[in-house]
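Trainee: Listed below are the residues making up each chain.
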Amino acid sequence: MEAPSVQLADKILDRLVKENLLLAEDKTKLRAKLAEGKLKAEDWRLALELAQAKDLKA
Amino acid sequence: MNKPLKKLIIEHLRGSVVPFSLTFEKGKKLAVIYGENGTGKSTICDAFEFIGKGKVGSLENRGLGRTDRYWHSMGKSPSDVAVELETADSTCRATIGPKEVVVVPADRRPRVEVLRRKQILDLIEAEPGKRYAAISRFVDVGAIETSEGTLRQLLTDLTSNREVAVARVQENQDTIRQFWDAAGKPIPDMFGWAKAESSRDISKADGEIAAIHSLQTAFTQLTSYPDRVAGAEAKLNFEKEAQQAAEVELNQLLANLSQDTGQVVEILQAAQKYLAKHTMIETCPLCESGEKTEDLADRVNHRLAAFSEYQAALTKRMGTNQNVQKAEHQLQSWLESASQHVAQFELCRQTYTWPQDIQLPASAAPREASQLSAWLTTNSQLPAGWNKAGALRQDRKQFHIALNKAYATWRDNTQAQKELDSLLPRLTKALELVAAERKQFTDAKLSEIAERVGVLYEAVHPGEGLNKISLQLDLKKRASLEIGASFCGQDTRPQAYFSDSHLDTLGLCVFLALSAMENAEKTVLVLDDVLASVDEPHVDRLIEMLYSEALKFRHCIITTHYRPWKQKLRWGWLQNGQCQFVELTKWTATNGLTTISSIPDIERLRQLVAESPPDCQLVCAKAGVILEASLDFLTLQYECLVPYRQSGSYTVGELLPAVSGNLRQALRVDVLTGSDESGQLLYKTVNLGPYLDEISRIVQARNVFGCHFNQISFDLLDSDALRFGQQVLGLIEVLVDGEAGWPKNGKSGEYWQTAGTTRKLYPYKKPA
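First to last, the sequence lines map onto chains U and C. Residue numbers for the first sequence follow the numbering used here, so the first one is 21 and each next one is one higher. Residue numbers for the second sequence follow the numbering used here, so the first one is 824 and each next one is one higher.
FYI, nobody ran anything at the bench for these hints, they're computed from the structure. Do not take every clue at face value.
As the list claims (entries may be wrong) - Facing chain U, from chain C, some residues (calculated, C-beta under 10 Å): (1) Gly965; (2) Ser970; (3) Lys1149; (4) Glu1151; (5) Leu1154; (6) Glu1242; (7) Arg1249; (8) Leu1250; (9) Leu1256; (10) Val1257; (11) Glu1260; (12) Gln1263.
As the structure is a computational prediction, the values presented were derived from the model and not from experiment. For glycine and all other residues, C-beta sits at the position ideal for the given N, C-alpha and C.
Using the sequences plus the hints, can you model the full thing?
Mentor: Below, the structure is given as structure tokens:
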């Protein structure tokens, strides 16, 4: 059984991608950090800005 | 890792003074180990915990300190202790190592969960924090909360940054407006003007400021030379006059002295120097005479003193000569310096293209010092103009720098504000989403656990009004869990209103629900005497619930000293198709744990009937007991008329006639014989009436042979006794499935069925 944090990380990342707040290709690299509590402010900002940039381009 | 268990061997662990072996029956995932107190049930549980968790929990919390001192059997040492578990595909063995229990091979160590009687209320009665710890492995998402915290902090920081950016934008907008006003609003677009101004090249202004500064410096340097040169000339004249006076004085003195005085003085001065170095002489260094040498130095000094006036005049003249030389040198130096600075000024003046507002001298600076003063006087008003021009350019430069800075700050902050205006809503949405997902996840997990607990609890206590079990995280406290329940329609804490028995059940249900959630198929579940406080009406349902839950696990071991369970299993009142029943007999210091074979009564009757020659007394006695059980079941199931009695116990003579008439004729059982190719179940129908009729005919054999010493038995045939036994055996084999139990389930509404529908008893209702 996967740890609750890992299960929840998957749900959160899926939801963020669905809402165009995160790029699908960023999910893998953010998963472990998010589940381990190591996602820093700059990681969040970069991920959200990349998704925003793609959103604006589209 | 989840292959079925085959055998457990316990060597010298606690009660196993001699190696004890427990073989698990193939195909049965539940083992019920029955034994009176002190028979070694807990030793078996300890063995599972020893090999699975490396500890012996039954000794904990007894004030023993370190319990490993008591793990081995009396008379043995820790090195003698071993537990071996054989499964369908491997064997692993646990022993006590230097620091901990060692299992070889380690990767075959079984996953074990143990619940003991004394622990059963732990989860219910524990503090909310400890309760949370028990379920944290399912719901603890603290790491996600940490990541969420950084997102929240980022949102806070960027919101603050945006506020700063907005303030700076306004602030610099005001500054630009002031500059724009000051510049006379050259164009309508204030920011367009600011942009153009700030991009203007100001290096020309810097060059002009530097050139003006150089010109001023060069001019200022020139202004000092007229005075300096004049002073130097006056000084030179003065020194020359002093030189002439000293010469006159010296000549006058020389005229009064002999013509060779000067030469004599020089000789004496030389002698004085010599004698100062050579204090002890024997002869005169000049004439080499040895006479009067003792006071020669004194006499030389004395003679020189007589020439002192001449010497002073001589020294004075030499001094004035030097002073004249110095004055001449100084004058020459100033003249040369003035000439250089004149050249420097001219260089400044001629090598730069001066703007029109810079007024320059009409003529070049004169190289002759005598003309410099007049030239400086003529141009003395020019430096003030240069100052003004320099200050004007400096002001323009400062204006440009300030405007440039204001415009850059305004532009950068406007951009930052724009970016944050776009990013912040996304950040806010992301944070809301993360928080919502976390809450939803936790709630769902808690709800899943609570729902499962509720289902299990309801299975044991159906419709008792104690339901809606809930698990609630305390939002005001970190890692704190409350258990809630509904009692008489009111939400409350179960600890406040539930009886001990109900709380026991609830604790067991929580344990089972949590254990089933995590790798149940790999887990050996061990329940050590957990039924003790469950009251009689609920035991059957609890056991049924345990049966169905046990199927989820790799194996389930339940120990009990609850005697009715043994009897109910013997009589098939409980479905036992998946259940292995093991009975422990009294523990002894010599033999340790010992199992005894427990043969169900029906099986015992089958053996008695098959014996040759048969023991008629035993056959009738055993058959009579089984017949009573069968009739007891039928009369209860069909609500037959029997005497209403306080004791509730009846004889065959009262029960057998009660099953009569239309009911007896209608009683039939569909016995499962197999299934066809399509999987359809196949049944054989057997009427019970003929069995009951024949039993009624020869039932007196039971009392005559089976119950009492009776001379009448001398007159009866052994064949009647044997037939009684055979008829009862036939009846019970049709009515009861040795594995699935009695047909007590009426959920079909048409018949009564056993578990798995191996028997279908008709009719559903007693015929009129």
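Trainee: All the hints need checking, so say for each whether the structure fits it.
Mentor: Hint check:
no.	hint	result
1	Gly965	holds, 7 Å
2	Ser970	holds, 4 Å
3	Lys1149	violated, 76 Å
4	Glu1151	violated, 78 Å
5	Leu1154	violated, 75 Å
6	Glu1242	holds, 9 Å
7	Arg1249	holds, 6 Å
8	Leu1250	holds, 6 Å
9	Leu1256	holds, 6 Å
10	Val1257	holds, 5 Å
11	Glu1260	holds, 5 Å
12	Gln1263	holds, 8 Å
Consistency with the previously given hints fails for numbers 3, 4 and 5, ordered from lowest to highest.
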